[in-house]
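Chemist: Here are the chains, one letter per residue:
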Amino acid sequence: MSQQKMPKQKSEERVKNFFEVALGFSKEQALAEAKRCLQCKKPLCVAGCPVQIDIPAFIKLISANKLDEAIKKIKEKNNLPAVCGRVCPQENQCEIACILSKKNQAINIGSLERFAADHESAIGQTITPTKSVKSDKVAVAGSGPAGLTAAADLAKMGYNVTMFESLHLPGGVLMYGIPEFRLPKKIVLQEVDYIKSLGVDLRPNVLIGKTYAIDELFQQGFKTIFIAVGAGLPQFMGIPGENANRVYSANEFLTRINLMKAYKFPEYATPVNIGEKIAVVGAGNVAFDCARVAMRLGKDVTLVYRRSEQEMPARAEEIENAREEGLKFKLLTQPVEIIVDEPRSSSKNNKILKEGRGENGFVKGMRCIQMQLGEPDASGRRRPVPIKNSEFILDVDTVIVAIGQNPNPLLYKSTPNLKVNEDGTIWVDENLMTSIPGVFAGGDIITGADTVISAMGAGKKAAVSIDNYLKKR
Amino acid sequence: MYSICSKKSLAPGINEIKINAPEIAQKAKTGQFVIVIVDEKGERIPLTLADWNPVKNTIKLIFQEVGHSTNTLAELKVGDSIQAVLGPLGKPTEIKNVGTIVCIGGGVGIAEVYPVSRAFKNEGNEVIGIIGARSKNLIFLEKEMKDTCDQFYVTTDDGTYGQKGLVTEVLNKLFQANKHIDLVYAIGPVPMMAAVSEATRPLKIKTVVNLNPIMVDATGMCGACRVTVGGKTYFGCVDGPEFDGHLVDFKELKSRLNLFKEQEECLNKRCPSKRAKNE
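For the record, the sequence lines run as chains A and B.
For reference, each letter of the first sequence is one residue, going 32 to 504 in the numbering used here.
For reference, each letter of the second sequence is one residue, going 157 to 435 in the numbering used here.
Wrong hints could be hidden among the right ones.
Stated by the list, open to error - With a straight-line Cα cutoff of 20 angstroms, these simulated DMTMM-like cross-link-like pairs (lysine to aspartate or glutamate) come out:
hint	chain 1	residue 1	chain 2	residue 2
1	A	330	B	418
2	A	216	B	298
3	B	407	A	247
4	A	295	B	306
5	B	185	A	247
6	A	295	B	196
7	B	410	A	372
Because the hints were derived from the structure by calculation, they are not lab data.
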């Protein structure tokens, strides 16, 4: 029997809406897929999972149609299965390790995880949460994947956990970054509700470093603090014209759309002002998210990347989805200047302002240079080298810069004794403890931008370290 | 949470509200701001803290009805709640004894220059206050400023009150009288802050401006608020909101503030009564 494929919305339909692209396995599909699992004695897939889900066990439960038990089995290790089943790069983790992947027939573990999680949300929560029994108060700064995971595990251990979030809604990158059509926000909020039901106190609209400093949290009686504030600082290209109107960082564009729901403007008050021809610079998952959002807003979208398709860091599945939806590619192309219509200082330009495009500091094109691949660089990928006299102007009126995010510096700038590495990540020891005793850090703030699941792995590790630290005191 | 505990109108279209926000009231410093989301579907807008009371756990915001969000905020009554308030944000004003300071507030910036003037005065500086507005009915906090400042001037564009003309004309008169000035602080509309910076540039008087770029998260995550200062890009929300006026690219700031003009108009059309009021 061959691998079951995830059914998807047709590309010509889905590019017109923000509903989920992948529709989920039917029960028949899930059971058929689960029966294919060889139930290896020494399962390689588990070793590939950053949170060590007992994969063969939950798959066996699905194949026996014991779905309530299957989700319980997953939740022993993974607090966010509906999220992971959708956005984990399983093809590089559990599925690549699957013995059947040698025949290109790896078990579709991610889809099975999603199936079990969606079963639970359809019937309601199956796990009776435990309430905190220990008096020790633990603070978690940030409610993204790392923070949510640590908070849930610590609550399960019986700690009294308060999770602070600077935005008005929880979830971090799951909420502001990943678009609705890959990860519905209702799913994120359901997962957060589960974590709150474990006894975690969620406090939105609190920015650690501004509303409270780290030492103030200790004064309030928190015994330990877990910093999971992510990699929120957008990188720009550093080329002329980058502050023109209609140049957005990926973070701004996605936050407006996902968190603030600008795609439902004016029902929602947050606007996004983009033109008709959009360039998205970069080729990671975030770049593809931006491109696919822009296509859903009915725009002509070109992805501009300085290397070739082979080097693209995005998941193969996302590249394929985007191509089906009509994304254009301008590869081996490096932007060198954003061409801007100079702002006119007089205020008599109201007419032009209303027309919006092409005047008063707006983007009117992007000068690019062609690249070729040279010798491999530090990342092992072939280094792109400019081709002389190959400059050309790409006809675009909007540029979205999606070339990466750096760790958010706000917290350590307000915490002078917190040791920081040269790349802006927070220094931690092997137990994820920072230079301040009792303060731990994990996720993108210590690694730089990485996947949801690796941040969750860090959250799990931090919870164990925090437990050990508090037991020793 | 975030309930409105008092509200009054200071001038046509300019309102003062006090909000219960204990964490912010405890922590606020001069020059800082908050993000306000009025309702569930609202946008995140930055508003400078006009005052705060750590005993009563309240913060005071003074805002002008300039668009959908501020119009909606103005419709709320005492006892109503605001969806979210985040803060205090941004770097506080560096308050120290420098000698003689001119504090200039234009338009709704009058609200924001008052706590700055008071803080500099409390630090032992000689404070000269200048506030300006289009017309007499848009002048507020006059008594508070008068009581705080060593010298105090009012200007109106139409001459209906105080001196006719712009705040920079008073500033230039001070220069002509050879008044020694160590620092100028300006907050208000972009053309006003730009004009003040131009007036002080030849005399090399340090000039601090408090900028109001468009923001979304206001925690350094999105870069909507980027401003060019001395040829380098900064984020207004975390690197500011105060910058050296002699280095700010005001032209770019003004252009970026116009990015959502069309969308604002679209929103205003949904509330025709409010729109009429604004015009």
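Chemist: Look at each hint and say if it fits the structure.
Modeler: Against the structure, the hints:
Restraint check for residue 330/A and residue 418/B: the C-alpha separation of about 18 angstroms stays at or below 20 angstroms, so the hint holds. Between residue 216/A and residue 298/B, the direct Cα distance comes to roughly 48 angstroms. Violation of the 20 angstroms bound is thereby established for this hinted pair. This hinted pair does not check out: residue 407/B and residue 247/A have alpha carbons roughly 41 angstroms apart, beyond 20 angstroms. Using a Cα cut-off of 20 angstroms, the hinted pair residue 295/A and residue 306/B is violated, with the two alpha carbons roughly 52 angstroms apart.
Proximity of residue 185/B to residue 247/A is assessed by CA-CA distance (about 16 angstroms); at most 20 angstroms being required, the pair is judged to hold. Between residue 295/A and residue 196/B, the direct Cα distance comes to roughly 13 angstroms. Compliance with the 20 angstroms bound is thereby established for this hinted pair. This hinted pair checks out: residue 410/B and residue 372/A have alpha carbons roughly 14 angstroms apart, not beyond 20 angstroms.
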